[in-house]
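K.L.:
Residue-level listing of the chains:
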Amino acid sequence: MMANLAALQHQMQSVILRRTATAQHGGSTTSYQVPRDDLLSQLRPPAHAQTDAMLDIYCNAYRSRLAEVLEADLANLSAYLGKALFEHAAAGYIEAHPSDRQNVRWFSRNMPDFLAATAPFSNWPQMAEVARIELALADAFDSANAETFSLAMLTSISPDDWATLMVVPHPSVRRIDALTNALDIWIAIDAGTEPPQAKRLNSPQHLIVWREATTPRIRVMSIDEATAFDAAQPASTFADVVAAMTSFEDQREAAKAAVGFLAGWAAAGMLACVDTEAANSHPKQETPA
Amino acid sequence: MESCNAPPPSASKPGFLGFGLGLRSQHYNDILTGNPAVDWFEIISENFMVPGGQPLQILDQICERYPVVMHGVSMSIASTAPLDFEYLKAVRTLAHRVRPKWISDHLCWTGVHGINLHDLLPIPYTYEALDHIAARVHKVQEVLGRPLTLENVSSYVAFAQQDMTEWEFLSELTRRTGCYLLFDVNNVYVSARNHGFDPIEFLNGIPREPVVQFHLAGHEDHGDYVIDTHDHDICDDVFNLYRAAVERFGAVSTMIERDDHIPPLADVVAELDRARDIAADVLEHFPTKWTPVRRRKCDKTKSYSADPIPSDRNVL
Ligand SMILES: [Fe+2]
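Chains A and B, in that order, give the protein sequences. If you use the working numbering, the first sequence corresponds to residues 1 to 289, in order. If you use the working numbering, the second sequence corresponds to residues 1 to 316, in order.
No lab work stands behind these hints, which were simulated from the structure alone. Because the structure is a prediction, the values reported are computed rather than measured. There may be inaccurate statements among the hints.
[To be verified] From the derived model, a few chain B residues whose C-beta atoms are all more than 12 Å from chain A:
{"no.": "1", "residue": "Ser12"}
{"no.": "2", "residue": "Gly34"}
{"no.": "3", "residue": "Leu121"}
[Unchecked claim] Among chain B residues calculated to face chain A with C-beta under 8 Å, some are:
{"no.": "4", "residue": "Gly52"}
{"no.": "5", "residue": "Gln54"}
{"no.": "6", "residue": "Tyr87"}
{"no.": "7", "residue": "His138"}
{"no.": "8", "residue": "Phe159"}
{"no.": "9", "residue": "Ala160"}
{"no.": "10", "residue": "Asn194"}
Heads up, the beta-carbon is just placed ideally off N, CA and C, and yes, glycines get one too.
Produce the entire structure from the sequences given, and follow the hints as far as they go.
P.N.:
Rendered as structure tokens:
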């Protein structure tokens with residue numbers, strides 16, 4: 001029934017994407033070239049302009065719209081790379097990663113991996129990490145809401161209950177282990193100042209990104225704090241967190257340090273209250289459409 | 001051809017909201033701290049289809065003060081790809097929060113094969129397309145539990161195979177499904193220039209009853225063709241066509257879409273006042289249809305914290 005409409009949409013999309021189209025037919029994948037002329041022959045001549053030029057409006061708008069989204073989502077990366085190199089990255093990314101979500105909000109999400117895997121950008125690993133930092137902050141900004149587990153709540157816990165206390169990261173939290181000084185670069189760019197020379201670090205820098213009230217934040221954690229925090233993801237008891245802190249001489253020392261970390265996390269709004277309803281049912285996530 | 005179907009249950013045509021604006025993040029502060037002479041706002045649904053954080057907080061504050069309608073850009077009602085029910089449920093979830101007077105999207109497709117081109121792509125005005133789209137509108141209306149409102153888009157190419165005109169297509173679609181129409185005056189102007197039809201013929205070809213909203217916007221004029229960019233002021237030709245639209249459709253909720261080179265709120269409000277004046281001038285001659293526009297008072301006691309503001313990723 002929809003033979004013509006489906007074929008037309010398939011052709012037009014292929015022309016806009018400017019590439020060989022791939023179609024699924026009952027599990028087998030068929031690739032075939034859709035020549036632009038095939039589509040042009042099915043179009044009615046416009047009032048004054050050339051049909052070809054009118055079709056180009058769609059092809060160009062497709063790329064420029066997505067490039068604008070990348071530019072807006074990764075403004076600091078763009079400032080760091082400069083106009084020409086960022087446009088090069090954006091063009092490559094748009095060809096490699098057509099949007100597969102209804103909401104363009106998530107279009108940029110694969111850019112850090114793209115930069116890390118694609119030459120010439122992969123030669124400068126700080127670029128992917130600057131992108132990762134920038135997108136993590138954007139994610140923290142509009143990630144799911146949850147009641148924060150405050151410092152006051154923490155101090156009201158009786159000593160007997162500490163071991164079984166659930167440590168739940170706030171849904172806005174993102175962890176990044178950076179191998180370069182990407183954070184210093186990002187901070188300089190964000191402040192509109194000259195970024196430092198990029199360099200590989202001797203040991204990874206452990207970054208945590210989260211949302212405090214409505215503001216996205218980022219800071220560095222020590223290896224011990226990061227180990228403890230990672231043990232709490234997605235949700236563990238205080239005892240689990242302490243058990244993961246194997247670099248300490250004994251569990252008493254580890255527990256002492258863990259209490260300090262926990263107080264800091266609670267004060268900063270990095271922890272969420274245990275949602276007993278959600279804990280008892282299936283873990284429910286607000287999935288982006 | 002399909003038989004005529006009744007509109008979905010509990011459908012009563014939404015009333016006249018007055019003169020509104022597209023809600024843009026650049027204007028949040030002025031809207032929430034000032035008292036702009038705007039009767040209502042239209043949101044791009046996708047900009048608020050996010051898990052949480054400040055965008056939804058701000059949206060809640062706007063909804064407390066103004067009537068809000070939802071305008072989507074990715075329903076892809078005309079696509080031959082399967083309907084995305086997850087997306088539709090997300091629209092419904094947002095509608096529970098916003099309580100919009102209506103929910104609109106575009107008569108277009110945005111992609112096939114799991115790809116979204118994030119553009120409003122044209123359709124052939126054929127019976128095949130009409131049958132396909134009408135069936136999908138029915139399904140969408142079932143999920144949303146209300147009539148869908150569909151907008152005519154600007155187009156740059158038209159298909160050789162065509163069983164009817166765009167206005168005949170829209171009319172028949174609304175007759176079959178009970179959907180409402182968002183009549184974009186600028187889009188009619190743009191498509192008329194590009195394809196060489198008479199915009200007044202389009203206007204007169206659309207039935208009065210289903211039209212619930214007008215869009216006004218600026219475009220980019222290249223002489224031989226026109227591109228719908230929403231980055232310019234509204235030109236005189238589009239205001240003239242708006243006058244003709246008010247003459248035909250009466251008091252219809254009107255709003256301005258501005259998506260790029262966004263001027264200060266006061267400038268867009270001034271442009272909106274021009275639309276008000278045109279409508280008032282026309283409707284003076286039809287006093288029975290005219291409801292005076294009441295400008296809303298907003299509660300100035302509520303404060304707004306100026307934290308980082310997100311950009312509107314979804315525009316069109
Ligand atoms: Fe529009």
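K.L.:
Hints numbered earlier in the text: which of these fail when held up against the supplied structure?
P.N.:
Those not satisfied are hints 3, 7.
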